[in-house]
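Chemist: Chain by chain, the residues run as shown.
Number of protein chains: 2
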Amino acid sequence: MNPLFHSIFEPRTVALIGASGDAGKNTARPQQFLRRHGWTGTIRPINRTRSELFGEQAFPDLDSVPGAIDHAFVMVPAADVPEALEACGRKQVPVVTIFSDGFSEAGPDGARQQAALAARARELGVRLLGPNCIGVIDVVSRMPLTVNASLAGELAPAGRMAVVSQSGSMLGALLSRGQARGCGFSRLVSVGNEADVGVGEIAAMLVDDPHTDVIALFLETLRDAPLLAAAARAAHSVGKAIIVYKLGRSEVGAQLAVSHTGAIAGEDAAFDAFFRAHGIVRVDQIETLLEIAPLLRGIRPPAPKPGRPRPRVAVVSTTGGGAAMVVDRLGTLGVDAAVPTPAFIENMAAQGIALRAAPIIDLTLAATPAKYAAVLRGLMQSDFCDAVLAVAGSSAQFQPALAVEPMVRVSTEQAWGKPFAAFLAPHAQESLTLLAGHGIAAFRTPEACADALAACLHWRAPMSLHAVLPAADADTIASKVHNAPHAVLDEFRSLEVFDVLGVPTVQRAVLTQAPWSHDLPWPLAAKLVSADLPHKTEAGAVSLGLTDAAALDQAIASMRESALQHAPNASIEGVLLQPMVRGLGEVLLGYRDDVLLGPIVTLGVGGRLAEVYRDASIRVAPVDEAMAREMIDEVKGLAPIRGWRGLPRGDLDALARAVAAFSRLALLPGQPVAEAEANPLIVAADRVVAVDGLIVRKAQS
Amino acid sequence: MNPLFHSIFEPRTVALIGASGDAGKNTARPQQFLRRHGWTGTIRPINRTRSELFGEQAFPDLDSVPGAIDHAFVMVPAADVPEALEACGRKQVPVVTIFSDGFSEAGPDGARQQAALAARARELGVRLLGPNCIGVIDVVSRMPLTVNASLAGELAPAGRMAVVSQSGSMLGALLSRGQARGCGFSRLVSVGNEADVGVGEIAAMLVDDPHTDVIALFLETLRDAPLLAAAARAAHSVGKAIIVYKLGRSEVGAQLAVSHTGAIAGEDAAFDAFFRAHGIVRVDQIETLLEIAPLLRGIRPPAPKPGRPRPRVAVVSTTGGGAAMVVDRLGTLGVDAAVPTPAFIENMAAQGIALRAAPIIDLTLAATPAKYAAVLRGLMQSDFCDAVLAVAGSSAQFQPALAVEPMVRVSTEQAWGKPFAAFLAPHAQESLTLLAGHGIAAFRTPEACADALAACLHWRAPMSLHAVLPAADADTIASKVHNAPHAVLDEFRSLEVFDVLGVPTVQRAVLTQAPWSHDLPWPLAAKLVSADLPHKTEAGAVSLGLTDAAALDQAIASMRESALQHAPNASIEGVLLQPMVRGLGEVLLGYRDDVLLGPIVTLGVGGRLAEVYRDASIRVAPVDEAMAREMIDEVKGLAPIRGWRGLPRGDLDALARAVAAFSRLALLPGQPVAEAEANPLIVAADRVVAVDGLIVRKAQS
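If you're matching them up, the sequences are chains Z and W in order. Taking the numbering used here, I'd label the letters of the first sequence as residues 1 to 701. Taking the numbering used here, I'd label the letters of the second sequence as residues 1 to 701.
Honestly, the hints are just simulated from the structure, not real lab data. All residues carry an ideal CB built from backbone N, CA and C; glycine is no exception. Some clues are possibly wrong.
Pairs of lysine-lysine, DSSO-like flavour, derived with a Cα cap of 30 Å [said to hold, decoys possible]:
1) Lys371(Z) - Lys25(W)
2) Lys305(W) - Lys536(W)
3) Lys91(W) - Lys25(W)
4) Lys698(Z) - Lys536(Z)
5) Lys636(W) - Lys536(Z)
6) Lys698(W) - Lys480(W)
7) Lys305(Z) - Lys418(Z)
8) Lys636(Z) - Lys536(W)
9) Lys25(Z) - Lys371(W)
10) Lys418(W) - Lys305(W)
11) Lys480(Z) - Lys698(Z)
12) Lys371(W) - Lys418(W)
13) Lys25(Z) - Lys91(Z)
14) Lys636(Z) - Lys636(W)
15) Lys480(W) - Lys536(W)
Residues of chain W clear of chain Z, computed beta-carbon distances all greater than 12 Å [stated by the list, open to error]:
16) Asp22
17) Arg90
18) Arg127
19) Thr512
20) Ala551
21) Leu596
22) Ala626
Using the sequences plus the hints, can you model the full thing?
Modeler: Okay, here's the thing in structure tokens:
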């Protein structure tokens, strides 16, 4: 086990730097909370003027404290934090949690001070949590090293869910909501501004924690994506789940979530792609973050089922309206209600249970607990549904034991490996408590229930990275990218790179002088090659549909004239000729090395409406052909080339190969490409071909 | 007051037809519930074999009962219901509620029996509630005439919200959830299959009910849209709100919601349009249906603010993360967080309160209750925000009285006429109860909070019906529609109708024989006129871009040949000639007399992607030009003709006039048009013009 883990969560001695003796102050809370909740470790309050705080000896400074300190909690004003850090360095405190604010969340000056702090901590060999962080609540060892007011209440018994939050105040909110649900926690930690230790590193430690099964994240941004990705892969390999609620569904929300932390917002769809690529379950509603945990326990991410793109939930209910609310919402989330098969209906009939072939399995009539259990058991064993949902009506309110008995009996009689959830239509606290006590996922709103089931059923194992870019190809591309005269590679050079990647490109020739002889088939498109003409169409430097040599000669002359009028000093390197390519549709392939999330590939429809509809599929790069096919299926505007309404299909296999090939830009050592675009890539019935594109090289650092 | 209202909700004598003396049976419940909850009226249990049930005299049949019956509750098997109805007729019982199922929800046979029942009731002068309905719970008079199990609990004190539900089981679920929130009810009623009395008629009675302020509807479909529309308008005129939760957001949900009631699903967007047109507030989450009520109390539907298409909520918080969850969700729902104006910040500074110009007004530091109240009061008075949201963190959990005190103080000190809501980030039941007790809208999830605020701020007064179709025009159109040779009017006849409506149409001529002389400008489009060629393009009966007379002659010959090959017996009435029209974009205008909701107009983009993206705006017809402009703004794919990215703008005023004119099809007496389409309507920079269209006449009944 990582020694940092013990220092953070299970220290034996903590120092409280800036502790107050005034019980009404925030800075007095950690000491009071630690004792109130029965922590038995050593507390070293540091207070300049008092030698005793709440009956414990206090020290004027850290240097005066005898013995080692495992974890220091710093509550002094921002200006005094560097001094506190130096003291921690002298004392070789392995981890320092900084509650103090006034750093990157306060603006550029604060960000500079934070960077200096982090740099100095590295020199001192001290790890930092925060600043602007409310601390750690370790429920396992009953060590609430925090100022969070929620600790004024009772600390619930320990459970197996850990929480990592970028928002300090939400840590207490989640703790209190979890306690009200009988949901136990192992460790909760606020990471603040993440000057040093971030969400990813904490998650990795929690994957190794024997007291933690499920790791819940409350995120505003992501500052250490590679570490979180690695932690998620490790979690998958040991059968633990990482669940995330992330702010930023709307643009205003994305800006807001980071405005007080000085971080970058990022694109929500790219976060979706990132979480999905690494096997992290993203939920949409805050209550789901807590309520989904039992649903995932003992479940592995489901494999996609060929021919069944929408997963199916079998819904058993004694209340039609209550069940319909969940099924309706599931429908909007891409999940269907499973209609019992004839075989299943026959099987149940043999046990004296009459069912109809309907999307809600109605057990209102003559539902004895034994029969209810038999139906549930049958569904857990069947293969026509991917999950089972039991919906209870008024019985959950007035006969809780009776209502939940079949659910408890069946779900606990063996490890089914299939998600099982309960939704209670009325307010039925006692039933919820009974279900929670048996580790059954029980939902109080149809929306959270559908959110959790959809998230669980759309969950995927971390993508496997089989994509390879041969070293020779990588070298060729790297040299083309590095040796290009400008950071923005022109279309000719960009298409050359696409050739090496294996993206089919249009035939072409660059000629520098008359006679304009070539062996390309007519009709042709012609374009001036010039770094001085970034907007070629506006400069009159593009001609389309040229049918013979005379037309070409005339077009070149006219383009030169027009371009030089537009930019008199433009240097014209030559003329790019391409055959006109016709296809069934056009797509746009995009690549970028996202500043937060790393390499990303997008596939969208070509043309101006693509932007209007924001209709694109996005994945962490590289992708393989199977995932590229998923992307093709996701873009609504590609319906015509998928054969919608009998329209002629494009060569989707070739398109998938091209997407996968293009995405291998991510495999270039050192990732020299900032962004790239093949636009348009023409999709024909028997091939695809990129006819234009560009690559943007990163600034050399 | 409607005498039906008293019979349904406040009867003095009820008959329980099919009452059981076996306390375990559903059919024993109404009598037990009525007495248990203290109802003091007269109960007449009807039981064939017993002369006494639970200490009250029972009767073998209704005819044996002395005196009048105000309300009969029928619990006999479906086959015995007609006999019970006859007995009620003989006894002149004004209203009969039928719990029995096995009617339209059970299939076509049941539907026939239900229709017969309804017809017979009309003959007898008896009004029906149900069948397949669980009854009425009148909290005002403490009269729970129902089998719903939720009545086994306590009946909460009366409040001012009425509930009408098509789902029986959800009535109990809503009652229990409301009770847990301290939300009082006036009357709750299950309408079942609505063979006679439906949601609209009940709603109209509740608008007149002095005990009811807010009417909440749980809907699966809508069987009496005109009555509900009228009730909603009446509610608006007396300052009451109607709120609806309607199943059917997803296709599967829409089907499911009606599969067990034999009703028609309908299109969700059309329901949205219907609710909006009539001033009904639609919520998205079930908890919002209950929690939104206090938010609407004393509030009128806001008028649209010119230049401020997205309403704004001022958000005051002591928890950044908690507030950000609501703001993020609001952003996805088209509502912004209001940033305080410099004037407001200055005003607060003068009171010693330092605020920043940020979308969340952070009151974490030094927020005394007096200062908190001063900020809230300032926001309630300001005009830079349309609503105010107060978000509380851990203080709501541990110091409930203190945390809610400023909210209670400010929101109750006068009638502000501005929505005020509270969201509590932690689990904080005591604070919720305090807020509910003071009539303040308090939300336990950020999602329900945002749902409610968005629904409240997007709420509109019932649309005013100023559109007029002159009688002469209506007569002209009616005769064109009725006298057309086929139910589907061809493009020539349809365009003639559009002309009369005031929708600009393309110049055209129909010629029946050579020489094909005309005075239309070239180039032309030509099309064969024939009722026998419904798919003209496939039949080769369309020619485009004809530039001279020779080309026209040749095209007509070739179209005739091709068409007669395609349909050898086709009768060709002539040739329709039109100039080719070019514009900046194409739209599709649609009209239909929706079987559930009445006249509906839609505006979408033209072309095949329109269907893929389902990108259309939909309204109850007719609309005026201002509403047509709203529709134009809603269609994403019309961004190019709205001037997006500097593209040339289409003539949006002309388009709005055309949409409004087209929608006046709804004003034809007797609504003879089933559906109509102008497709495409070309939008140019200086005009719009319909170049094709069709009208479908209703079958004569």
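Chemist: Each hint needs a verdict: does it hold in this structure or not?
Modeler: Going down the list of hints, with the structure as the test:
no.: 1; hint: Lys371(Z) - Lys25(W); in the structure: holds (19 Å)
no.: 2; hint: Lys305(W) - Lys536(W); in the structure: violated (47 Å)
no.: 3; hint: Lys91(W) - Lys25(W); in the structure: holds (27 Å)
no.: 4; hint: Lys698(Z) - Lys536(Z); in the structure: holds (23 Å)
no.: 5; hint: Lys636(W) - Lys536(Z); in the structure: holds (29 Å)
no.: 6; hint: Lys698(W) - Lys480(W); in the structure: holds (13 Å)
no.: 7; hint: Lys305(Z) - Lys418(Z); in the structure: holds (15 Å)
no.: 8; hint: Lys636(Z) - Lys536(W); in the structure: holds (28 Å)
no.: 9; hint: Lys25(Z) - Lys371(W); in the structure: holds (19 Å)
no.: 10; hint: Lys418(W) - Lys305(W); in the structure: holds (15 Å)
no.: 11; hint: Lys480(Z) - Lys698(Z); in the structure: holds (13 Å)
no.: 12; hint: Lys371(W) - Lys418(W); in the structure: holds (20 Å)
no.: 13; hint: Lys25(Z) - Lys91(Z); in the structure: holds (27 Å)
no.: 14; hint: Lys636(Z) - Lys636(W); in the structure: holds (15 Å)
no.: 15; hint: Lys480(W) - Lys536(W); in the structure: holds (23 Å)
no.: 16; hint: Asp22; in the structure: holds (16 Å)
no.: 17; hint: Arg90; in the structure: holds (33 Å)
no.: 18; hint: Arg127; in the structure: holds (24 Å)
no.: 19; hint: Thr512; in the structure: holds (35 Å)
no.: 20; hint: Ala551; in the structure: holds (22 Å)
no.: 21; hint: Leu596; in the structure: holds (17 Å)
no.: 22; hint: Ala626; in the structure: holds (24 Å)
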